[in-house]
Amino acid sequence: MSLQDILLQQLANGLILGSFYALVALGYTMVYGIIKLLNFAHGDLYMIGAFCGFLVLSLISAVVGDSWAGLLCSMVLSMIAVGLLGVLIQRIAYQPMLAAPRLSILITALAVSMILSNSVMAFTDGEFLAFSTDLGFDGVELGNVFVTYTQIVLVAAAAILMVALYLFVHKTLYGKAMRAISIDKDACRLMGINVNKIIALTFFIGTSLAAAAGIMAGSYYGSIHFFMGFVIGLKAFTAAVIGGIGSIPGAMLGGLLLGLLESYGTQIPFIGTEWKDVFSFGILILLLVFKPTGILGQTEIERM
Amino acid sequence: MALLEVKNLMLSFAGLDVIKDLSFSVENGSIASLIGPNGAGKTSVFNCLTGFYKPNDGDIIFDGNRIVRKKPHKITKHGMARTFQNLRLFKSMTVLDNVMSGMHCRTKAGPIAAVLRHGAQQREEAETKKFCQECLEFVGIPEFEDHISSNLSYGNQRRVEWARALATKPKLLLLDEPAAGLNHDEKQQLIALIKRIRDELGITILLIEHDMGLVMKVSEKITVIDYGQKIAQGNAEEVQNNPKVIEAYLGKEEEEIA
Amino acid sequence: MADISNSTSTNSAQAVKAGGLMAWLEPQQNRILVLAALAGIALALPLILNNYAMEVMSSVWFYVVLCLGLNIVVGYAGLLDLGYAAFFAVGAYTTGILTSHFGINFWLTIPVAIFFSICAGVIIGGPTLRLRSDYLAIVTLGFGEIVRIIARNLEITGGASGLIGIEKPSIMGFELNEIQHFYYVFLLLAILACFISYRLQHSRLGRAWQYVREDEDAAEAMGINRVGIKLYAYVIGAIFGGVAGCFFAAKMTAISPETFMFQQSVLILLGVVLGGMGKIPGVIIGAFALVLFPEVFRELGSMRILVFAVVMLIIMLYRPEGIWPAKK
Numbered sequence: 378m379s380l381q382d383i384l385l386q387q388l389a390n391g392l393i394l395g396s397f398y399a400l401v402a403l404g405y406t407m408v409y410g411i412i413k414l415l416n417f418a419h420g421d422l423y424m425i426g427a428f429c430g431f432l433v434l435s436l437i438s439a440v441v442g443d444s445w446a447g448l449l450c451s452m453v454l455s456m457i458a459v460g461l462l463g464v465l466i467q468r469i470a471y472q473p474m475l476a477a478p479r480l481s482i483l484i485t486a487l488a489v490s491m492i493l494s495n496s497v498m499a500f501t502d503g504e505f506l507a508f509s510t511d512l513g514f515d516g517v518e519l520g521n522v523f524v525t526y527t528q529i530v531l532v533a534a535a536a537i538l539m540v541a542l543y544l545f546v547h548k549t550l551y552g553k554a555m556r557a558i559s560i561d562k563d564a565c566r567l568m569g570i571n572v573n574k575i576i577a578l579t580f581f582i583g584t585s586l587a588a589a590a591g592i593m594a595g596s597y598y599g600s601i602h603f604f605m606g607f608v609i610g611l612k613a614f615t616a617a618v619i620g621g622i623g624s625i626p627g628a629m630l631g632g633l634l635l636g637l638l639e640s641y642g643t644q645i646p647f648i649g650t651e652w653k654d655v656f657s658f659g660i661l662i663l664l665l666v667f668k669p670t671g672i673l674g675q676t677e678i679e680r681m
Numbered sequence: 040m041a042l043l044e045v046k047n048l049m050l051s052f053a054g055l056d057v058i059k060d061l062s063f064s065v066e067n068g069s070i071a072s073l074i075g076p077n078g079a080g081k082t083s084v085f086n087c088l089t090g091f092y093k094p095n096d097g098d099i100i101f102d103g104n105r106i107v108r109k110k111p112h113k114i115t116k117h118g119m120a121r122t123f124q125n126l127r128l129f130k131s132m133t134v135l136d137n138v139m140s141g142m143h144c145r146t147k148a149g150p151i152a153a154v155l156r157h158g159a160q161q162r163e164e165a166e167t168k169k170f171c172q173e174c175l176e177f178v179g180i181p182e183f184e185d186h187i188s189s190n191l192s193y194g195n196q197r198r199v200e201w202a203r204a205l206a207t208k209p210k211l212l213l214l215d216e217p218a219a220g221l222n223h224d225e226k227q228q229l230i231a232l233i234k235r236i237r238d239e240l241g242i243t244i245l246l247i248e249h250d251m252g253l254v255m256k257v258s259e260k261i262t263v264i265d266y267g268q269k270i271a272q273g274n275a276e277e278v279q280n281n282p283k284v285i286e287a288y289l290g291k292e293e294e295e296i297a
Numbered sequence: 021m022a023d024i025s026n027s028t029s030t031n032s033a034q035a036v037k038a039g040g041l042m043a044w045l046e047p048q049q050n051r052i053l054v055l056a057a058l059a060g061i062a063l064a065l066p067l068i069l070n071n072y073a074m075e076v077m078s079s080v081w082f083y084v085v086l087c088l089g090l091n092i093v094v095g096y097a098g099l100l101d102l103g104y105a106a107f108f109a110v111g112a113y114t115t116g117i118l119t120s121h122f123g124i125n126f127w128l129t130i131p132v133a134i135f136f137s138i139c140a141g142v143i144i145g146g147p148t149l150r151l152r153s154d155y156l157a158i159v160t161l162g163f164g165e166i167v168r169i170i171a172r173n174l175e176i177t178g179g180a181s182g183l184i185g186i187e188k189p190s191i192m193g194f195e196l197n198e199i200q201h202f203y204y205v206f207l208l209l210a211i212l213a214c215f216i217s218y219r220l221q222h223s224r225l226g227r228a229w230q231y232v233r234e235d236e237d238a239a240e241a242m243g244i245n246r247v248g249i250k251l252y253a254y255v256i257g258a259i260f261g262g263v264a265g266c267f268f269a270a271k272m273t274a275i276s277p278e279t280f281m282f283q284q285s286v287l288i289l290l291g292v293v294l295g296g297m298g299k300i301p302g303v304i305i306g307a308f309a310l311v312l313f314p315e316v317f318r319e320l321g322s323m324r325i326l327v328f329a330v331v332m333l334i335i336m337l338y339r340p341e342g343i344w345p346a347k348k
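Protein chains in written order, with my numbering: chain W, 378 to 681; chain G, 40 to 297; chain D, 21 to 348.
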């Protein structure tokens, strides 16, 4: 393959990977924006999304098949189910901790993350499960590079979700309330906004986006595992920081950028795939040193 | 000689000017005040002086050092101490432990000294404790040293903040609305305390205050700001009669109130 | 004045009622008595325990060291470190590589490991401690993974299979090769760790950690360099982990990257949270629970982390001060 082909191939890979990162990073950023919590369990909700999608698909495949229609149905159902799980977690574990010291809520989030991943491990005996779908292997040829329709559809689906989210946050009253709460929760309460309802809604949306990414990743890679949320949680956080944590367009941009950086980065000599994670964490650390506010983030001003 | 000199200070947040071209100075050994209506930018000035905000432009000279854009802890070490508008005590710690925080920048013991507890470390701890007890004595609450600070009355918590600031051995003490929340008697005691700090300890004082009565009684020089700009300067009488000041405080229809 | 003395007496009366044991532990001589008794029991244990129980108890003392080290970071300075196992790995691999590849005496590897732990602590802590505390949590998590991946992929660290045949240390010709020997080594380390922790906690530095933990801005205004103070905590924690790692390598004689997974960091953190962050007796109890619980409930097997996580959640929600009661 020529250099051009490699670049094109990695562009396709990077976009897919970047879409997954972006979808997960969105939830991170939304939750952080609204209650200033790093939800460690977010990566695990992505994993739960994949398993939930797997479960729903195996239940309904007899009726709708396991092609696009089946995948779409299971995706919608799992997004709702996992979104509700996210709200439940927020209510049980995070709501009582909002006034507690920061360290306590971080440890709580860590505990939730461990509970989610280890429950799934207990149910699956820590085995990989085959996420089998019948999406076909057709595609288009661009020069020497072959891009499957699956890849195109997945990137397009991620793009649709992101555009929908953007419109929701910027064009609806709920979105306005979300942005207002992230600026001043108490003022919102005084203005008669039901803050708890909006926080719950934020968790619902953020979590269901992670679940969507989980199902898409599961069907794309063909296998799911209880530990799959761990690394992507870290990567999505990196993506959110790259874009500027708290910023929704930032998370999208950061996700795509990190996906592309990783897929091109692994082509650099001496940085093979085994160093891929070191490469992205290295980026994270450098970024936090030199530009902790990210590309689109704003500096926080604390009042004394 | 001016202990503190602020020259052409500028501060803006997201395009909004909070402090505009502000210059003033505080003479060594004086009691000075910075006053202005709500939202005039007084606390922002304090935050620039103490390093919590980074001004966009201008210069701050303190005791011969340029301190603008330096870290708060370095400025404290240069000899500037502050109290906070809303109490910021270490709530779950004892009063003495609170005051001892002030001595941190005047002492040295590191981890190795802590583990070995050699003679120098023990002497330092003893001196710290003694000096902090003296500070509590000075502000008049030595009996509370072993109490948890959040259990004290509001007035006494304020005194702990004062003792804590004094324990940094400052040259200049910045008081952010020291009279807020105090009753009449406590205010009288406060005025006496401010004077004693200057007269007995030789510490220069700059205070921000809403309570005009208190400001007029203690300060030798008053700087009035509004919308981040200096509108008047002088002693109590000059400032009180300045039409700009009256306008800033009372609005234009002052005859209605009179 | 009458008021004041009144309220103090009711306070102390309540304290006595609330916790008889805690009140009894208040005077120094009673505490020394308890400590001496406990030390006596710990020293005598090898006389009555079988080899299996000795292994478990050595492991307990080992986790006491790690948990006390992490406690300096989490409990004293209030920083969440999710990659603590990385420092443990730094120490273990330093000893492993130096003794097996270069034939260096075990005891000489300890200062080298301390040096590397300090370097790692400064490199990771230096830049991130300036930022919000949650960034530190995630960066340490990433750092933990980086160290593990590096260990997996380098030749000098033995790759995925790790290092084997690490030399057992000896003291003046006496080789430490039985479990009893290591029991005493780890007991000694645990006592040393308690001692150092105690002295640090009750010092100028210990107070500074508490100031920063309670109110960073006020601490900074009082002239405390918050980044510097946190870095001290982070680096001292790193040294504890590194030294524990050296002895771990010497006892096991073989190390592999899987020992230093994220779960290891979480387990150590759990020990700290369980007993009570910032309290030495609490952290020791936490370490005991951490090691003994899976031994007692063996049938749980791989579910133990799940059980631990649920316990951790319950503690955070209902008893954030941990098992050991809070003062007053």
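Please note that the accuracy of each hint is not assured.
Unchecked claim - Just a sample of chain G residues kept apart from chain D, beta carbon distances all over 12 Å, derived:
no. : residue
1   : 46
2   : 53
3   : 96
4   : 130
5   : 143
6   : 150
7   : 163
What the hints assert, rightly or not - Calculated lysine-lysine pairs in the DSS-like style (CA-CA distance at most 25 Å, straight line):
no. : chain 1 : residue 1 : chain 2 : residue 2
8   : G       : 226       : W       : 668
9   : G       : 210       : G       : 283
10  : G       : 113       : W       : 668
11  : G       : 93        : G       : 46
12  : W       : 668       : G       : 256
13  : G       : 269       : G       : 93
14  : G       : 130       : G       : 208
15  : W       : 574       : W       : 562
16  : W       : 413       : G       : 130
17  : G       : 283       : G       : 234
18  : G       : 109       : G       : 169
19  : W       : 668       : G       : 234
20  : G       : 46        : G       : 226
21  : G       : 210       : G       : 113
22  : G       : 210       : G       : 234
Claimed, not checked - FRET-style restraints, in silico, Cβ to Cβ:
no. : chain 1 : residue 1 : chain 2 : residue 2 : range
23  : W       : 501       : D       : 318       : 46 to 56 Å
24  : D       : 323       : W       : 453       : 29 to 39 Å
25  : W       : 651       : D       : 318       : 20 to 30 Å
26  : W       : 477       : G       : 220       : 21 to 31 Å
27  : G       : 234       : W       : 547       : 54 to 64 Å
28  : W       : 568       : G       : 219       : 43 to 53 Å
29  : D       : 237       : G       : 155       : 28 to 38 Å
30  : D       : 341       : W       : 472       : 46 to 56 Å
31  : D       : 318       : G       : 155       : 55 to 65 Å
32  : D       : 341       : W       : 384       : 50 to 60 Å
Just so you know, these hints were derived from the structure itself, not from any lab. Nothing here was measured: the structure is a model prediction, and the numbers come from that model. Positions of the beta carbon are idealized from the N, C-alpha and C atoms, including for glycine.
Against which earlier hints does the structure fall short, listed by number upward?
-> The structure conflicts with hints 4, 5, 6, 7, 8, 9, 12, 17, 18, 19, 20, 23, 25, 28, 30, 31, although it agrees with all the remaining ones.
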